[in-house]
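What follows is each chain in one-letter form.
Protein chains: 2
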Amino acid sequence: MKGIILIMDGIGDRPLKELDNKTPLQAANTPNMDLMAENGINGIMDSIQPGIRPGSDTAHISILGYNPHEVYTGRGPFEASGVGLDVIPGDIAFRCNFSTVNDDYIVTDRRAGRIRDNTADLIAKLNEIVIKDYEDVKIIFKESTGHRAVLILRGKGLSDKVSDADPKKEGKSPKEVIAIEDTKEARKTSDLLNKLVRKTYEVLKDHPLNLKRIEEGEPPANIIIPRGVGLVPKVESLNKKYNINSACIAETGLIMGIARFAGMEIIEVDGATGGIDTNLDNITETIVNNVNNSDHDFFLINIDGADEAGHDGNTKEKVEFIEKVDKVVISKLIQLKDCVIILTADHSTPISLMDHSGDPVPLVINGPGIRIDNVKSFNEIDAPSGGLNRIRGSDIMNILMDLMNKAPKFGA
Amino acid sequence: MKGIILIMDGIGDRPLKELDNKTPLQAANTPNMDLMAENGINGIMDSIQPGIRPGSDTAHISILGYNPHEVYTGRGPFEASGVGLDVIPGDIAFRCNFSTVNDDYIVTDRRAGRIRDNTADLIAKLNEIVIKDYEDVKIIFKESTGHRAVLILRGKGLSDKVSDADPKKEGKSPKEVIAIEDTKEARKTSDLLNKLVRKTYEVLKDHPLNLKRIEEGEPPANIIIPRGVGLVPKVESLNKKYNINSACIAETGLIMGIARFAGMEIIEVDGATGGIDTNLDNITETIVNNVNNSDHDFFLINIDGADEAGHDGNTKEKVEFIEKVDKVVISKLIQLKDCVIILTADHSTPISLMDHSGDPVPLVINGPGIRIDNVKSFNEIDAPSGGLNRIRGSDIMNILMDLMNKAPKFGA
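These protein sequence lines are chains B and C, in that order. Start counting the first sequence at 1; every next residue gets the next number (full-length UniProt numbering). Start counting the second sequence at 1; every next residue gets the next number (full-length UniProt numbering).
Bound conformation, chain B alone (with noise of 0.2 angstroms):
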């Protein structure tokens, strides 16, 4: 018996005027996902607790069987684990930005002009970089996608307990990091961080990358400005948890990092935006593949595109990828056999809002033994009178490892 997992992200949705009082879910034509609706058990569910907005990474690792009050020190750790660095628990982490100062030592622009290219190179110098006085502090820095970065600073008595560099928009100075709570190791990680951030400023405003993007007019990324700081948890492998072989199926490096964080395989697709331009159809047949031909009885799969529509407030994009994930994705996963399949959202995305919301998501369950209800829609509306009533994102993997027959008993 396999088990999947499939979070399209940030589906769930308020009533639209627009849309006649129904929910992107309600309008779309979803004949797949009813039909999952039809054949399965319902409900809703809270992947953190009710009203709570979640992240999509706090969705995510709560939904995986961890608690996030306790594993989510900050997104540092998940976005270093993302781009592929093998974090260490003790690790202290941050999301960077290239972004650009000038003389005066004013961010003129917090994204390097949006920088695409090379930024590994940067990075190479970056990491030559030794602090006076903290020799022993080993200092790692990578390239994300476009301006981003991670770094990492590993060594002993540091402390997450500082601020952010980042002045949050342009026309400041680089903010002083400060120690935000009144211990050796604050101190020491703030003092280190405030002289780091100098330093990359020295090491790359004559870098020959950056005179040369001055030259054709772009701003150089001449300094780098660490933010979302986390101490890197210590946490127990997915696989060791449940007892299982998993793997992840995923767009972004955030989800992408949570599930290298919590041990599970990473299967990269082609074509793979993490947008509404996604290649669906490559991320099926991977899903699809290494459901019928792989060791994995597990599969994490993240579908991002109704996410970026929702933050965008785009009504017709979100309900049209709606369509294509059902028309695409769903109408194959259905045919799977011996296979428990758990059709849900990590949160709301509501157009309205154009961000998260606390709104509960609905969620169909298709397996052999379910208990099959009366809900035929799969949609925000229909599903709290199904079956499953209303559940919480930490009891999915439970309920899961139960119908796959994965589940020890506890007690006699």
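Check the hints yourself; a few may be wrong.
Claimed, not checked - Derived, one-sided and incomplete: chain B residues facing chain C with beta-carbon distance under 10 angstroms:
id: 1; residue: 373
id: 2; residue: 395
id: 3; residue: 400
id: 4; residue: 412
No lab work stands behind these hints: they were computed from the structure. Ideal placement from N, C-alpha and C gives every residue a C-beta, glycine not left out.
The hints should help you fit chain C onto chain B, whose structure is shown.
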């Protein structure tokens, strides 16, 4: 006002092809349970939490309002309590088998030919054992049904962090007990146990009863093999916890053990076997008599047959037993006056699994002032649309006390 929780052990199930995709509860003819659904408030219940497969022990612990993660340290304490031993917090308790070893100390029968009679004589000899260097530890054996027995170690400096002696199969010697925690207490306990197991063989091998069994071609019950270690926890009595006068009517030692643990009075029933052949008339008479005539105001009742049929994978027996409970027991209970009755199960035991599952169980409450909902039938598929939605085992006592008007107000 009196309160009853009637646990129909393992009655929950999944849809079965042979029953036209109905569950045994749906397929069975249960006019009285359905009347309870129609006159009551319905819902589904996870005795521990969604997806978790409970044992009957952990489920009952949770339903009585105790946290099984704290209280359930192993099966030993509850077995020991169930056979009538007065366990004391701090005792280390085990369930044991009388087994047979040959002259090479190899287990040839883990159940000593399923010995039935006179094990009390063997126990009497075992209770004379004193282990050299551990004279301060009181060793208390007691026989249970058939080849089963229990063992308590009582004394200072003991630990339950020790392994099992049970080799799990024939053809091997009893396993050496090892300390699974590097403490003085665990080392003392494991050393004592190893010496004790060997000593039971010395005491039993030439016992007249065993010499007679050998003569008659029966395997001698010539060794005791302990397993299921647990530290007897300290728990507040149920009567004090809820300000009630409680009693338990159950069929199996395990459930009686939990009830004794909680300080409940045990009311025994003649002819209660725990199987599908149990005397339901006697059980019903005992319930009705005690509800009407005793000073007890709360009754925990467990009827075990459906669980046995589930473990045996016998659909016909499960359906027939459900119908028999409906006809004999429920028909009388619904006539009780001034009584809040909760009808539910401790867990599902699906025919298809032949073991417990994490599927929630249906639950219905009848009594004065209940918010009657639209559910008309007592089963797994209709229950979720009832007025209770989805609750947990740990909610039940609080809900019952509230409906019995015995709940204190938290706040003003």
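* **Evaluation of the interface hint that places residue 373/B against chain C, nearest CB under 10 angstroms** => Holds - the Cβ of residue 373/B comes within 10 angstroms of chain C, reaching about 7 angstroms at its closest.
* Hold the hint about residue 412/B up to the distance rule: shortest CB distance to chain C must be less than 10 angstroms. => 4 angstroms, holds
* To do: Report holds or violated for the interface hint on residue 400/B, using the least CB-CB distance to chain C and a cut-off of 10 angstroms.
  => 7 angstroms, holds
* **Satisfaction of the residue 395/B interface hint, Cβ to chain C closer than 10 angstroms** => Residue 395/B check passes; min Cβ-Cβ to chain C is 4 angstroms, inside 10 angstroms.
Of the numbered hints listed earlier, not one is contradicted by the structure.
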